[in-house]
Amino acid sequence: MTQNTGPSGVKRRQFLKVLGAAGAATTAVGCTNEQVEKLIPYLNSPDQTVPGVSTYYTTSCRECAAACGIIAEVRDGRAVKLEGNPDHPVNKGALCAKGQSGLQGLYNPDRYRGPMIREGGKLVPTTWDKAIDTLVQKLGESRGAAANAAFINGPDSGSFAGYLDGWLGGYGFGSHLQYDPGADLAVEAANLAGYGVAMPKLDFASAKLVISIGADYLDGWGASVPQQMAFADARAKLADGPRVIYIGARRSLTGLNADTWIACQPGGEEAIARALLSAVGGNGGTVAAAAQASGVTEATLQGIVDELRGTKPSLVVSGVSTPGAGVIAGLCVDINKAAGNVGVTVKPGEALTGFGTSVGVGAMQGIIERANAGTLKLLMVRGVNPAYDTPKAMGFAAAMAKVPFKVSFSSYPDETSELCDLVLPDDHALESWGDVQATPGTIGLQQPVMDRIFDTRASADVMMMAARKDATLAARYPQKSYRDVVVARYGSAALTAALPKGMVSGNITGRAAAPMSVPAGAMGGDGEFFLVTYPHATLGMGEGANKPWLQELPDPVSKIVWQSWVEIHPATAKRLGVAAGDHLTVTTASGAVTAPAYIYLGIRPDTVAVAHGQGHTRYGRYAENLGVNALDVLGATWNAAGGLALTQGKARVAKAAEHSQLVTLEGSARQHGRGIGQALTVAELVSGATTEHHELPGDASHEFLPGLRSPVANDAQGDLGDPTSKDKGMYDPNHWSGMAKRRWAMTIDLARCTGCSACVTACYAENNIPTVGARWQGRSLRPFHTADGAGWDTRPGANILKGREMAWLRIERYFEGGEDGSSEFDTRFVPMMCQHCGNAPCEPVCPVYATYHAPDGLNVQVYNRCVGTRYCSNGCPYKVRYFNWHGYGEKERRQYAFPEPLHLQLNPDVTVRGKGVMEKCTFCVQRVREAENLAKLENRELQPDEFTTACAQACPSRAIVFGDAADPNWSVAKMVENSRGYHVFEELNTFTAVVYLKKVNHPAAGSAAAAVPAAAAAPAQGAH
Amino acid sequence: MTSRSKWALAPAFFAIAIAATMLSAYSGASSSQGNSPVQPIQFPHPVHVKELGMNCLYCHNAANKSPDPGLPAVGTCMGCHTLIGPSRPAANGRPARTSEEIKKLQAFAPIGQPDKWKEIPWIRIHKLPEYVRFPHMRHVNAGVTCQSCHGPVQEMAQVYQNASLNMGWCLTCHVNGYQLSQGLEAAGDTVGAKAAAAAEPKKARYDCAVCHY
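Just so you know, the protein sequences line up as chains V and P, in that order.
Okay, so the first sequence: first residue is 0 according to numbering that gives the first Met the number 0, each after it adds one.
Okay, so the second sequence: first residue is 0 according to numbering that gives the first Met the number 0, each after it adds one.
Everything labelled a hint here was simulated from the structure, so no lab data went into it.
Glycine included, C-beta positions come from ideal geometry on N, C-alpha and C.
None of the hints are false.
Taking lysine to any residue and the SDA-like style, the derived pairs with C-alpha atoms no more than 25 Å apart in a straight line are: (1) Lys500(V) x Gly51(V); (2) Lys64(P) x Tyr55(V); (3) Lys37(V) x Ile40(P); (4) Lys37(V) x Val131(P); (5) Lys37(V) x Cys58(P); (6) Lys200(V) x Pro312(V); (7) Lys121(V) x Asn371(V); (8) Lys37(V) x Gly33(P); (9) Lys207(V) x Gly687(V); (10) Lys914(V) x Glu891(V); (11) Lys914(V) x Val131(P); (12) Lys914(V) x Tyr862(V); (13) Lys126(P) x Gln925(V); (14) Lys37(V) x Pro39(P); (15) Lys935(V) x Asn63(P); (16) Lys117(P) x Asp75(V); (17) Lys64(P) x His44(P); (18) Lys391(V) x Gly323(V); (19) Lys117(P) x Leu903(V); (20) Lys202(P) x Asn932(V); (21) Lys935(V) x Asn140(P); (22) Lys202(P) x Arg939(V); (23) Lys468(V) x Asp132(V); (24) Lys126(P) x Ser44(V); (25) Lys935(V) x Asp206(P); (26) Lys654(V) x Gly576(V).
Estimated spans, in silico, between C-beta atoms of each pair: (27) Leu987(V) x Pro120(P): 53 to 59 Å; (28) Ala496(V) x Lys126(P): 40 to 46 Å; (29) Ala934(V) x Pro120(P): 35 to 41 Å; (30) Pro943(V) x Lys126(P): 37 to 43 Å; (31) Trp775(V) x Lys126(P): 28 to 34 Å; (32) Gly874(V) x Lys201(P): 37 to 43 Å; (33) Lys126(P) x Gly874(V): 32 to 38 Å; (34) Ala496(V) x Pro120(P): 38 to 44 Å; (35) Cys79(P) x Ala496(V): 32 to 38 Å; (36) Tyr55(V) x Cys79(P): 29 to 35 Å; (37) Pro85(V) x Gly142(P): 34 to 40 Å; (38) Gln660(V) x Pro120(P): 46 to 52 Å; (39) Pro943(V) x Gly142(P): 24 to 30 Å.
Just chain V, with the same shape it has in the complex (with noise of 0.2 Å):
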């Protein structure tokens, strides 16, 4: 708390002055290196645009089948920023990762630029007109006979079905299949039997006991960003909101954020369910049975049983990925409806009716058969990548090569399209006309917002143009373009007038049927293990792998990134002698993998599991040769609804030779004591125990006083800070600009934070962060790290390795317990950013004064006077600033992180950071003064809430409040008095600007954690 250095040391001010002394005899030598820049000006005005100034454009998200809504953000006629659109009724101004990313598919490098045609055993590019000429030739040889083709789409909810079915009727061949690998058919097929309608509503609030069968609900399962608003609601009820189980034999994000995981063995989930049917009066089985046949102990179990009986209202969701999912899925119905759930938390009226039009393998099998058998004369496939994911088993790439002519309408070289004969390019989903059933009455508008950027075509329009050309079908297509198409049906009036808001009333008729009943597979398998393969929860079945956005997210359990991993508990490596990232190979009797061992205490000892999402082939140059397609050690094994089993029994598993390093973000799993994650359990917040335990010192209004009002900040403000100085500029509160009024602040409330990681990517497309991991990126100027010392460092993600990531905002997920490798553990996830400390470690080491504390409570980093010493990044307890070790916003460096078009995305707002600069969390200053821009040019002051980050905007969960804390009126300011607040390292008199709020558990009635603690007890777990 000193603000002078003593006598002999040298202050910071009398560095610069020396410094400047240097300089100003250099000022004669510098030189102008600029170069000649066009400014290019419009032909024409386009109207309601004006320069520099975003406008903004409603549409709907179609990277799943969820059917959110977005708000394109668009600069100059480019497509900068995806965010929710708040007024939609799916997701109400959230967006997920994937949903996020949608702007790297519309800006992916490696996107087809224009139609392709195979000659001479190549695709080569072609014009439109030839390759129009050459559909509407083949269409004409295989017309007339159902049979002779098959058109694959992906899940399309909107009225593309009907009109993609008629075109397809006008030449006499059947259906389209929408095929969606990673659609959950048993769920649906069992809700629709059940409940009339495919995804219902799942109302986590309403109930007081959650039950999850493998329901990977907050893992993409479903339609992530609805579910997880509504668990995130659920948990904020805190001591009334409801006791979370999860059942299955690998614990995923969703076991994570559950209160109790019940590791049950693959196959055993029958049994409990039948035990839980039994437990609410149904016709089910005993818990003897389920704990036979699950592995579960009888008392754990009849401990559920027990809640399930004594708890109303519950909710039991299955999401099972066994064979056998189709029955669990119905028995999971029966539970819900014998215990009076319908209507209360599952809510079959607010259904989600994106779902429930999608095919599985089981489905392709047909297609399969008819092209080995020579029927099928001709493929179209759209939206999907059968050749990737369907299971290598099922040989669906050799049965293509027979099929005398394919088509493709992939926007990306995948490796379906790579087989193909034909490629036209669709628009991406952002440059087109279309609609999606978004609720029940409500059809989601799909409109585009900008200009198409390579010379592809809208596959509505290119089937219309290939009609037109048909004597037979022209008079069927009167219409320009699919726009009229759109347009036609809803009306042009009232189409205009919806535009604005991304909907319409209404629903949309003739879609795609309903799913199919065929016989289900069994589990089978050799070998000691169990496999369980799931999909990623970010890349999916491998459709997020060529964005790198996707790519750089860690993996919100494991926190790995550019690779495939195996799961393996420790017990079971210990006794195997595998470390982690030491290979193993998994074989079952479809084929063999082999990817680095993560060493995870939330998998059973007798299962291992692996990802899917990574071993492309063919799928553009962030996808290719990363990890392994967990598809080829799959069967052709289904569920009775034609759903691919990710789980269908037993493989062996051996260690192999190799070790590669594991290219993960995860420092420690442990706290080690630091309380970085901090919770407390529902008894211990009612008898409010931890109230004596609040983590603020003294009086946290007093702490988010601005400026200089703040002691704080007056001892990191040096000079200014001076309580005798005459002029403390514009840290004096009185000053003229006002600017030391505000203290921005945050608030993250962890029993909201789900560690989905949203609000990372929202981060990385706000803020211009590159992706650092690809394998090119790699190269130093110096080759090292290879065992001649001559070659490169091309190891997918080597600048992670060596902790070159740039995330300015990371999940840190910790787990407390456990450590006999016992099933009963607690998971805390902790976003992490600049903490915009009041007393910075950062600032007083900073040589050059490039960062420094703001008047209005930032932590401002100066990137023109960043010299890169790095002494900040040392000082930070946090590990928030980021060192930019390579040019990868500069074109011309092999590390550039933008290759053409994807610098098309950069924020023009944010600055693109140059080689030798540190960088972290602004706290989107851009933001802040772009707010202030606006209140200012309507001459008003800057409203509550006005504004926010874009971590806070993206969070489907709602556990990031943003604002300005000094000011009573803004939602944060009332956040930061909360008595489950805490600073992270309070004890290193930081005085951060982020208050975290601690996660709130509920334990099982009658264990030990659920005691109520002594008043004078210590702190909760995990508190220091």
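Knowing the structure of chain V, use the given hints to seat chain P on it.
Frame of chain V, contents of chain P only:
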């Protein structure tokens, strides 16, 4: 500090001086003040602004609502120059004249053939250093005349960069305040300048992160 330790600092001074020289040369911390490139069309600002009395915002119409002032679209030029062609007959005592520049403009934008219009590749003159934000609309709406920064454009037959655009130059106004009278003087409004002579200088925030982010 003893004299001995003072001498010990001398090499450090030299080292810093060399480092600063290189840094300053590398960072391009210099100004293009006075830069006056020849444009593809010699647009005569004096004719449009001084003689015809056109407002700056007629062409640079985003300057009061966007950080980016905007360039006139070719269509804006042609709004008048479809009728005002290169040949001017003698009238009102002025001799007949042929304007080569309007010919050039109409070559870029042939009348009646909008599909043949081409962009005019203007050469950029004013460019701020990297890593700094300059919201035009805040300055224009605060009453800062365009000429305060861009100089007497109404007199410039060929536009040149009037100010250094270096940070120290920015801060003269931000810290000491903007004198409206000086701004009006630069804009050629001597009457207004006299009237505004007593006006209080208008200051602006000068915290780094107001502009640098």
